[in-house]
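Enquirer: Residue numbers (full-length UniProt numbering), protein chains in the order written: chain A, 1 to 467; chain B, 1 to 467; chain C, 1 to 467; chain D, 1 to 467.
Treat the hints with caution; some may be incorrect.
The list treats identical chains as one, so a pair stands whether inside a single copy or across any two.
Quick list of in silico lysine-lysine cross-link-like pairs, PhoX-like style, CA-CA up to 20 Å [claimed, not checked]:
| no. | residue 1 | residue 2 |
| --- | --- | --- |
| 1 | Lys164 | Lys214 |
| 2 | Lys246 | Lys440 |
| 3 | Lys167 | Lys214 |
| 4 | Lys242 | Lys440 |
| 5 | Lys432 | Lys67 |
| 6 | Lys331 | Lys214 |
| 7 | Lys3 | Lys79 |
| 8 | Lys286 | Lys310 |
| 9 | Lys26 | Lys45 |
| 10 | Lys167 | Lys461 |
| 11 | Lys3 | Lys461 |
| 12 | Lys331 | Lys188 |
| 13 | Lys214 | Lys3 |
| 14 | Lys286 | Lys461 |
| 15 | Lys67 | Lys246 |
| 16 | Lys214 | Lys137 |
| 17 | Lys297 | Lys310 |
Hint data in this document are derived by calculation from the structure and do not stem from the laboratory. The structure displayed is predicted, hence computed values, not measured ones.
Number of protein chains: 4
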Amino acid sequence: MTKGVKIVTIGGGSSYTPELMEGFIKRYEELPIREIWLVDIEDGKEKLEIVGEMAQRMWDASPYDVKIHLTLDRREALKDANFVTTQFRVGLLDARVKDERIPLSYGMVGQETNGAGGILKAFRTIPIILSIVKDMKELCPNAWLVNFANPSGMVTDAIIRYGKWEKVIGLCNVPVMAMMQEPKLIGKTLDELVYSFAGINHFHWHRVQDLEGKDVTSQIIDRLYEKYNGLPANIFDVPFFKEQLKQMNLIPCGYHRYYYRYEEMLDHLLQEYNDPNVGTRAQQVKQTEAELFELYKDPNLYHKPEQLAKRGGAYYSDAACETIASIYANKNTHIVVSTKNNGAVPDLAPDDVVEVSAYIGAAGARPIAFGSLPPSERGWLQVMKNMELCVEEAAVTGDYGLALQAFTINPLIPSGETAIRVLDELLIAHKKYLPQFAEKIAELEAAGITVKDEIARNLSKEEVVNV
Amino acid sequence: MTKGVKIVTIGGGSSYTPELMEGFIKRYEELPIREIWLVDIEDGKEKLEIVGEMAQRMWDASPYDVKIHLTLDRREALKDANFVTTQFRVGLLDARVKDERIPLSYGMVGQETNGAGGILKAFRTIPIILSIVKDMKELCPNAWLVNFANPSGMVTDAIIRYGKWEKVIGLCNVPVMAMMQEPKLIGKTLDELVYSFAGINHFHWHRVQDLEGKDVTSQIIDRLYEKYNGLPANIFDVPFFKEQLKQMNLIPCGYHRYYYRYEEMLDHLLQEYNDPNVGTRAQQVKQTEAELFELYKDPNLYHKPEQLAKRGGAYYSDAACETIASIYANKNTHIVVSTKNNGAVPDLAPDDVVEVSAYIGAAGARPIAFGSLPPSERGWLQVMKNMELCVEEAAVTGDYGLALQAFTINPLIPSGETAIRVLDELLIAHKKYLPQFAEKIAELEAAGITVKDEIARNLSKEEVVNV
Amino acid sequence: MTKGVKIVTIGGGSSYTPELMEGFIKRYEELPIREIWLVDIEDGKEKLEIVGEMAQRMWDASPYDVKIHLTLDRREALKDANFVTTQFRVGLLDARVKDERIPLSYGMVGQETNGAGGILKAFRTIPIILSIVKDMKELCPNAWLVNFANPSGMVTDAIIRYGKWEKVIGLCNVPVMAMMQEPKLIGKTLDELVYSFAGINHFHWHRVQDLEGKDVTSQIIDRLYEKYNGLPANIFDVPFFKEQLKQMNLIPCGYHRYYYRYEEMLDHLLQEYNDPNVGTRAQQVKQTEAELFELYKDPNLYHKPEQLAKRGGAYYSDAACETIASIYANKNTHIVVSTKNNGAVPDLAPDDVVEVSAYIGAAGARPIAFGSLPPSERGWLQVMKNMELCVEEAAVTGDYGLALQAFTINPLIPSGETAIRVLDELLIAHKKYLPQFAEKIAELEAAGITVKDEIARNLSKEEVVNV
Amino acid sequence: MTKGVKIVTIGGGSSYTPELMEGFIKRYEELPIREIWLVDIEDGKEKLEIVGEMAQRMWDASPYDVKIHLTLDRREALKDANFVTTQFRVGLLDARVKDERIPLSYGMVGQETNGAGGILKAFRTIPIILSIVKDMKELCPNAWLVNFANPSGMVTDAIIRYGKWEKVIGLCNVPVMAMMQEPKLIGKTLDELVYSFAGINHFHWHRVQDLEGKDVTSQIIDRLYEKYNGLPANIFDVPFFKEQLKQMNLIPCGYHRYYYRYEEMLDHLLQEYNDPNVGTRAQQVKQTEAELFELYKDPNLYHKPEQLAKRGGAYYSDAACETIASIYANKNTHIVVSTKNNGAVPDLAPDDVVEVSAYIGAAGARPIAFGSLPPSERGWLQVMKNMELCVEEAAVTGDYGLALQAFTINPLIPSGETAIRVLDELLIAHKKYLPQFAEKIAELEAAGITVKDEIARNLSKEEVVNV
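Produce the complete structure using the sequences and hints provided.
Expert: If you want it as C-alpha cells, here you go:
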C-alpha cells in the first residue's frame with residue numbers, strides 16, 4: 001500500500017456517513033487514512049454536499065489531516081482504493097416507502113429486508129453492486145469491499161456468486177446491538193462472555209458462554225423477559241415465546257420477530273400503515289432524515305448528532321470501521337459478518353454466504369465453525385437461504401417465475417393471488433430500477449395493473465416524471 | 001413362510017377395508033393369502049363387525065378360500081403375521097373434526113395431514129404405532145409393516161427412527177392418482193411414460209419422461225391448464241400458477257396447493273367451515289362413512305360399492321395390495337412410497353424418511369436416486385422435513401416447546417398468539433389421546449383454556465364422558 | 001425413431017464384436033435393429049474387415065435382415081445413430097503391454113485399469129471420447145452412448161463432467177460375473193436373490209438378500225471359501241481374508257484383490273512379467289487375439305467361437321446389448337452400471353459417476369439409493385473417486401503436477417522417486433497419444449529419460465516409426 | 001474457580017515435564033497456578049521422582065510459590081482439577097520399540113503414530129484415556145482435558161466419540177514448528193502472516209497469506225527448496241516433490257513425507273533398523289532419555305536442559321501451556337488443535353475430530369471454517385479419517401476384523417499375508433496392554449505365532465515376566 005489508506009464510500013450522501021467518519025477518526029491511530037471519497041448519484045447530489053461538508057468539518061476538528069472528496073463519478077473514486085464501503089439505497093427512501101406500503105396495502109408484511117419488500121430491494125440492489133464489482137476488478141483489484149447495503153446477506157452472496165469477487169465482507173448492526181445489551185442483563189461485560197452466532201443476515205441465532213466455558217444462553221433468556229432493550233430502533237418489540245426460546249436454547253436475532261411472532265408484527269405494521277399520523281417506517285425515517293440533514297447543514301456542527309441513534313442502522317458504520325481497522329491492522333477481532341460459509345454452518349452449502357461469528361484480520365473474515373443446528377432452526381434456515389438463492393438468480397436474470405418461487409417459499413408472504421398482485425405492483429412501482437424485468441413489467445402495464453396504495457402510486461408517478 | 005400369507009390389518013373396521021379386500025382378491029394368484037385378521041379397538045367394534053362380515057362375503061364370492069378373523073386383541077392377531085397393514089385413525093373421525101375445526105375457528109388451515117391438524121394427528125398416532133411395533137418385534141419379527149395411517153410420512157419415519165423397525169413401507173394414494181390421470185392429458189398410457197417422484201409425504205414433486213428419454217413434464221404442465229381431474233376427492237381444485245410450474249419444470253403434488261395457493265385453499269376451507277350445511281371435510285366424510293356402513297350392512301353386497309371412491313383415500317388400499325404383492329412375489333414394481341432416504345434425495349439426510357419413486361420387491365423398497373432439487377423446492381422440502389422431525393420428537397417426548405417450534409416453522413401456521421391458542425385448544429380437545437402432554441394439558445385447563453368452536457368442544461366433552 | 005434402430009460401434013474391429021452381434025441377434029425381437037456401423041481407425045483396418053465380415057455372416061445366418069457397415073469415417077457413421085457403443089482401445093494392445101510392463105519393470109502393479117497403467121489408459125482415452133461426444137452433439141444429439149472403453153468409470157465420468165453429455169451409461173462385466181456365479185454357491189438362482197451394488201468401476205461392493213428380505217451376504221461369503229469361480233479371466237484368484245469379509249458383510253469386486261491382497265497380486269504379476277514364456281496379461285491376450293482373428297477369418301464361421309470366453313471382458317458385450325434393449329424397450333432391468341450418482345452413494349458427491357445397481361429403462365439408468373457405506377469402505381471409496389477426479393482433470397489439461405497427485409494417492413502406487421520414474425517412462429512410451437502432455441514429454445526426453453523395459457521400449461520405437 | 005489453578009499431568013514422569021514447567025513459569029502472570037500434580041504408574045515411579053524433584057526445583061528457582069505433588073494415585077490427583085494434561089505412553093518406550101521394529105522386520109513402515117505402529121499405539125492408549133475420562137466425570141467434571149498422548153488425533157476423537165467428553169483439546173507440535181520456521185524463509189515474522197491449517201493430526205496441510213491478504217504459500221514452497229529446517233527431530237528430511245506442491249498450493253505437514261515420499265522414508269527407516277549402531281527412533285530416544293534423566297538428577301539443575309530439544313516432541317509442552325493459558329485468560333490465540341470439526345473441514349463429518357486452525361479462549365477451541373479441499377487432498381484425508389474411525393472402534397471393541405480393515409486401508413501398510421503377520425505379531429508383543437484382544441491373542445499364540453524381530457521379542461518376554 002502506498003502511504004495511508006484510501007477509502008471510498010458509495011452512497012456517501014447517506015445520513016449515516018457522519019457515524020462512519022466518527023468511527024474512522026476514533027481509529028485513526030491503527031487505521032491511518034489518507035483520503036476518503038464519498039460517491040453518490042445525481043439524485044443524491046444535494047445530500048452528498050451537505051453530508052460531505054459535515055464530514056470534512058469532523059476531520060478538521062480532529063487532530064488528523066484527512067481530505068474528503070465528493071464525486072458523482074464512481075470510477076474516478078474507485079481508482080486504487082484500499083477499501084470500498086457500499087451503503088447506497090437504490091431509489092432512496094421513496095423506494096423503501098413502496099416496499100413497505102404496497103405489501104401492507106394487501107395486509108402483508110411490508111419491511112425493507114424481509115418479505116416482499118426485501119425481495120424487491122434485492123432486485124434493485126444486486127445489479128448495481130455487480131456493476132460496482134466490475135469497476136473494482138478494473139480499478140482497484142486488491143481492495144476490500146465492505147458492504148452494508150441491504151439486504152446485506154443476499155447482496156454479499158451475489159457479490160461472490162455472480163460477481164466472482166471474494167474480498168468482500170457483509171455487515172449488519174443487529175449482532176452488535178445484541179452484544180451491547182445482553183451482557184448487562186446477567187451482570188457481565190462483553191469481555192466476560194463468548195458469543196457464537198450462526199445463520200444468515202437478519203436470520204441468525206446465537207449462544208453465549210461465560211469464561212468458564214459454561215453455556216449461559218438460558219440465563220440470558222430468562223432475564224430477557226425481565227428487562228431488555230437490545231433491538232434496533234426499527235423493530236417493534238414484541239417478546240419471543242419463552243417456552244420456545246428455552247427449548248431452542250439459542251437467542252434469535254431481532255428480525256426473527258417477523259417469523260416467530262408473525263401475527264403481532266404484522267398487526268403492528270398495519271397499525272402504523274393505517275394511521276396517517278404515523279406511517280410506515282420509511283415514512284418515519286424520511287422525517288428523521290430531513291431533521292438530520294437540517295442539523296448537518298449547521299456549519300458549527302462537527303460531531304455526529306445524537307439523533308442519528310434513532311435510525312435503525314445505528315452502529316452499522318461503527319461495525320464497518322472496526323472491520324476495516326481489523327483487516328488493516330490484522331487485529332483478529334470477533335465480528336459477526338456475512339461471509340462465505342466454508343462449512344461454518346454445515347446445514348448450508350460451503351459456498352453459501354452466511355452470517356456468523358468470525359475473526360477479522362488481514363486475510364479477511366475467518367468464520368468459526370458452529371456445527372449443525374437443531375432441526376427447528378436448521379429447516380428454517382435452509383428454506384430462507386434457498387429463498388435467497390432464488391431471489392439472487394431472479395435479480396440477475398429477471399425470471400418472473402423464479403421471483404414467484406421466491407415469493408412463495410418466503411415465510412412472510414402467504415402464497416396466492418394476493419401475493420401475485422403484490423409482486424406485480426412492486427415490479428411496476430420500481431420499474432425504473434428493474435430493467436431486467438422490463439418485458440414482464442410492460443406486460444403487466446398492458447394488462448392495466450396499477451399500484452393500489454395511493455402514496456406508493458404517487459411516488460411511482462413522480463419518479464417516472466423525473467427520469 | 002408357512003403355506004399362504006397371513007395378513008393383519010390394524011384399524012380393520014375402516015370403511016376402506018372392502019377396497020383392500022378387492023385388491024387382495026384381484027391379486028390372489030400372485031399373493032396366496034391364507035388368512036386375514038382385522039383388528040380394531042372397543043370404540044370401533046360395531047364398524048369392525050359390519051365391515052368384517054362384508055369382507056368375508058367378498059371372499060366368499062371369490063374363487064378363493066380365505067378366512068377373515070375379527071378381533072379386538074391386537075397381540076392375538078399379530079402372532080406370526082407376514083404382513084401388517086395399519087390404517088387406524090386415533091380418535092376416529094371425531095378427532096379429525098377437531099383437527100379441522102379448531103384451527104379454522106381461528107382462521108387457520110384445518111386439515112388432517114397438513115398444518116396444525118396434521119401435527120396433532122401425528123401426536124396421537126405416533127405413540128400408538130410405536131406400541132404396535134413393540135408388539136411386532138415380539139410376535140412377528142419377520143413381518144413387513146405397510147403403513148397408511150396418516151400422516152403417513154411422519155408415522156413411517158417414527159417407526160424407523162424411534163421404533164428401530166426397518167421393514168416398513170409407507171403409502172399414499174396421491175402419486176397413484178397423478179399417474180392415473182396425467183398420461184391421458186398428453187395422449188399416452190402410463191406404460192409409455194417414466195415417472196420420477198421426490199420429496200416427502202404430501203409434499204413431493206415429480207417429473208416425467210417419455211420412452212425416448214425426453215422430459216415431457218412441461219408438456220403435461222401445459223395440458224393441466226386445459227383439463228385435469230387427478231386430485232384426491234379431499235383436495236379443493238385450485239390450479240397452481242402456471243408461470244411457477246413452468247419455471248420449476250416439476251409437477252407438485254395435490255397437497256402442495258396448501259402451500260402454493262395458501263390463500264385460496266384457506267378461503268375454501270373457511271367457506272365450508274362457516275356453512276352449516278357443508279361443514280369441514282371430516283363432517284362431510286362422516287356422512288359418507290355413515291352411508292357406506294349402511295351399504296356394507298346389506299347382506300347381499302359382496303363387492304366394493306362405487307361410493308367408496310368419493311373418499312379422499314381412494315386407491316390407497318390398492319397401492320397397499322400392490323406393495324404387498326410386489327414384496328411377496330419380488331415384482332420390482334415402480335411404486336411411490338415413504339422409505340428411508342439412503343441418499344435418494346441428497347438434500348435431506350440419508351436416514352430421513354422420504355417419499356420417492358422406488359422399485360418394490362422382496363428386499364422392500366429400493367428408492368431411486370433423484371439427485372438434488374433446485375433451490376426453491378430444496379429449501380421448502382428441508383423446512384418441511386425438519387418440521388416433521390420436531391413433530392415426531394415432540395410426539396415421543398411430550399415437549400411443549402418443541403410442539404411450538406413445529407407450529408412455528410410449519411408454513412401453514414402463521415406464528416403468534418393465535419397459533420399458541422390453537423395449539424393449546426387442540427391439546428385440550430385431544431387430551432384423551434395425548435398422555436405424553438398430560439402435564440401441560442393440566443396446566444392449560446387450570447388456566448381456564450377451553451375450546452372455542454362449539455362443535456369441537458362438544459365432541460371433546462362427549463369423549464371425556466365416554467372414557 | 002425412424003423404423004428400426006441404428007447402432008454404431010466405435011472400435012468395431014475389436015475381437016469382442018462377435019459377442020456383441022450374438023447379443024443383438026438374441027434380442028432382435030425386442031430390439032429391432034436396422035443397421036449396424038462398425039467404425040475403426042486406419043491402424044485397425046485389417047481387423048475391422050475380418051471382424052466385419054464375420055459379423056455380417058452371423059446376421060446372415062440369423063432370421064434377421066441387418067446390414068453391417070464398415071467405415072474409418074466416424075462422422076459418417078454417427079449420423080442419426082440411436083445408440084453408440086464405444087469399445088476402442090487407444091494404441092491397441094501394444095499400449096496395454098506398455099501400461100503393464102513399465103510399472104512392473106520397477107516392481108509396481110502393472111494393470112490396465114488399476115494403478116499406473118489405468119491412469120495412463122485414462123490419459124489416452126478421455127481426449128478421444130470427448131471428441132466423439134463433440135461429434136455426437138452435432139450428428140446424433142438424441143443418441144445414447146453406451147461405453148465400455150476402459151477405464152470405464154473415469155471415461156463415463158469425463159463424458160458427463162467435461163463432455164456435458166448426460167445420455168451415457170458405462171458398463172463392466174465384473175458385476176455380471178458375480179451374479180452369474182454366486183447364487184449357485186447357496187443353491188439359489190439369480191431370480192431368487194436381490195443384489196445391491198455400490199461403489200465405482202472396479203471398486204465396488206455388494207450385498208445380497210433372499211426373497212424374504214433376509215441378508216444372505218454372510219452365507220455367500222462362507223461358501224466363497226469352499227468353491228468359487230466367479231472371477232473374470234484376467235484376475236488372479238487369491239482369496240480375500242475371511243475375517244475381513246465377515247466384518248464388512250459385503251462382497252468386494254474381483255478387482256478389489258489388488259487392494260485387499262496387494263502383496264500377492266503384485267507377486268503374481270511380477271512372476272508372469274519375469275517369465276518370458278508367459279508375459280503380462282496383454283502379451284497373453286495378444287496371443288488369444290491372434291488366434292481369435294484366425295478363427296474369424298474362416299468364412300464358414302458364423303457364430304461366436306468359444307475361445308472368446310477366455311478374454312477377460314467376456315459378457316461385457318452381453319451387458320451392453322441388454323442395456324440397449326432395456327432402454328429401447330423400457331424394460332427396467334436391474335443392471336449394474338456407471339452412471340451419475342444423484343445421491344445413490346451419499347458418501348460421494350451427487351454429480352460423481354458411480355457404479356451401482358440401477359434399473360435401466362427408457363429414461364436410462366435409475367440408480368438405487370444404497371445408503372452410506374461403513375467407514376472402512378467409505379474412506380477407501382472416497383480416495384479412489386477423488387483420485388479419478390485428478391486423473392480426469394490431468395487428462396483434459398495435461399497438468400503434470402496433477403498427474404503426480406493422482407499417482408501419489410493411488411493405493412497401488414507406492415509414492416517416491418520410482419513412481420516419478422514410472423510416470424515419466426509411461427508418458428514417453430505413450431507420447432503419440434498424449435498431445436496434452438507434449439511439453440512435459442519433450443522436457444523428459446531432453447533430460448534423457450528412456451523406457452527401461454526392453455519390450456515396452458521397442459514397442460514405443462516402432463510406433464514412432466509407424467507414424 | 002477457587003483461587004489459583006490446579007493442574008494435573010498424567011504421565012508426569014515424562015522427560016517433557018520440565019518443558020511443561022518452563023511453559024507454566026513463563027505464563028504465571030496470566031495463568032496463576034496453585035498446585036501441579038504429576039501422576040504416573042508404578043512402572044514409571046523412579047522417573048516420576050527424578051522429574052518431579054527437577055520440576056519442584058524449577059518452580060523454587062522462579063518467583064512463584066507452586067507446589068508439585070507426585071502420586072501414583074490418579075484419582076487422588078484428579079479431584080477438583082482445573083486442567084488435566086495427558087502425555088503418557090502406554091508400555092513406555094519399549095512399546096514404541098516394538099511398534100517400530102516389528103513392521104520394519106517385514107519391510108514395512110514402523111513409526112509410532114503412522115502405519116501399523118500408530119494403530120497399535122491407539123489400541124493401547126484409547127482404553128486408558130477412556131478410563132481417565134470416566135474418572136474425570138466423577139472427580140473434576142468441569143476440568144479441561146488437554147491431550148498430547150499420541151496418536152493425538154485418534155485419542156482426542158475417541159475421548160469425544162466414545163468418552164462423551166466435550167471439554168478436550170488435542171495438541172501436536174508439528175504445526176508449531178512449521179510456523180516457527182517458515183516465516184523466516186520469506187523474510188517475515190509470524191505476526192506478518194496468516195496461517196490456515198486443515199486436516200487431521202499428522203495429516204494436515206496449510207496455506208499462508210500475508211497482511212495484504214495475498215496468498216504467499218507458493219512463495220514459501222519455492223524457498224523450501226532452497227533452505228529449510230522446520231521438521232520435528234524425529235522425521236527424516238526428504239523433500240516433497242516440488243511440482244506436486246506447486247500444483248496443490250498447500251504445504252503438507254512433516255509427517256506427510258511418509259505418504260508423499262513413501263519409498264524414501266521406508267528406505268531410511270530400514271537403514272536405521274538394519275544398522276545395529278543406530279537402531280530405530282525409539283532406540284535412539286531411549287538413549288536420549290537416559291541422558292536426560294541423568295541430567296535431571298543433578299540437584300543443581302533448575303532449568304530445562306538444551307538437550308530436550310533433540311526429542312521429536314519439542315514445543316509440544318509449550319503449545320499445551322499456551323492452550324491452557326488461552327483458555328484460562330480467554331486470549332483467543334490462534335493455535336492449531338485437534339477438536340470437533342463442526343464443519344470446519346466440510347469434506348469430513350461435523351462430528352469428526354480434525355486438526356485445524358482455531359482460536360482458543362474460554363469456550364475452548366473455536367475452529368476456523370477452511371472450506372473444501374481439492375480432490376487430491378480431500379480423498380486422502382477422507383481415507384485417513386475413516387481409517388481412524390476403524391482403529392478407534394477396534395480399540396474399543398477388540399474386533400480383529402476391523403483391525404484388519406484399518407490395516408488394509410492405511411496407505412502405509414501394503415495389504416496381504418505380511419500385513420496379517422505384522423498385525424498378529426504386534427498383538428502378541430503388546431498382549432499386556434490389549435485385554436480387549438485377549439481372545440484373538442490367545443488363538444494366535446496357540447497357533448504358534450511368535451515375534452520374529454529379536455529385540456522386540458525379548459522386550460516382550462521381559463514385560464511378561466515383570467507383570
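Enquirer: How do Lys3 and Lys79 come out at 20 Å by Cα distance, when the copy is not named: within, between, both, or neither?
Expert: within (15 Å within a copy, 58 Å between copies)
Enquirer: First find the shortest C-alpha distance between Lys331 and Lys188 inside one copy, then the shortest across copies, and answer within, between, both or neither for a cut-off of 20 Å.
Expert: between (24 Å within a copy, 17 Å between copies)
Enquirer: Within a copy, between copies, both or neither: which one fits Lys331 and Lys214 at a CA-CA cutoff of 20 Å?
Expert: Only across copies: Lys331 and Lys214 sit 17 Å apart there, 26 Å inside one copy, limit 20 Å.
Enquirer: Up to 20 Å between alpha-carbons, please classify Lys242 paired with Lys440: within, between, both or neither.
Expert: between (45 Å within a copy, 15 Å between copies)
Enquirer: Is it within, between, both, or neither for Lys286 and Lys310, if the alpha carbons may be no more than 20 Å apart?
Expert: Classified as within; 12 Å inside a copy, 59 Å across copies.
Enquirer: Is it within, between, both or neither when you check Lys297 against Lys310 at 20 Å Cα-Cα?
Expert: within (19 Å within a copy, 71 Å between copies)
Enquirer: When no copy is specified for Lys67 and Lys246, does a C-alpha distance of 20 Å or less occur within a copy, between copies, both, or neither?
Expert: Answer is neither; intra-copy 51 Å and inter-copy 44 Å both fail.
Enquirer: As a check of your reading, is Lys214 near Lys137 (CA-CA no more than 20 Å) within one copy, between copies, both or neither?
Expert: between (46 Å within a copy, 16 Å between copies)
Enquirer: I want to check one pair: Lys286 and Lys461. Are their C-alpha atoms no more than 20 Å apart within a copy, between two copies, both, or neither?
Expert: within (19 Å within a copy, 56 Å between copies)
Enquirer: Give the relationship of Lys246 and Lys440 under a CA distance limit of 20 Å: within one copy only, between copies only, both, or neither.
Expert: Classified as between: cross-chain Cα gap 15 Å, same-chain 47 Å, threshold 20 Å.
Enquirer: One pair to classify: Lys167 and Lys461, alpha carbons no more than 20 Å apart. Within, between, both, or neither?
Expert: For Lys167 and Lys461, the Cα distance exceeds 20 Å both inside one copy (39 Å) and across copies (53 Å).
Enquirer: Reference check for the pair Lys432 and Lys67, CA-CA at most 20 Å: within, between, both, or neither?
Expert: Classified as neither; 35 Å inside a copy, 65 Å across copies.
Checked against the numbered hints given earlier, the structure breaks hints 5, 9, 10, 11, 15 and satisfies all the rest.
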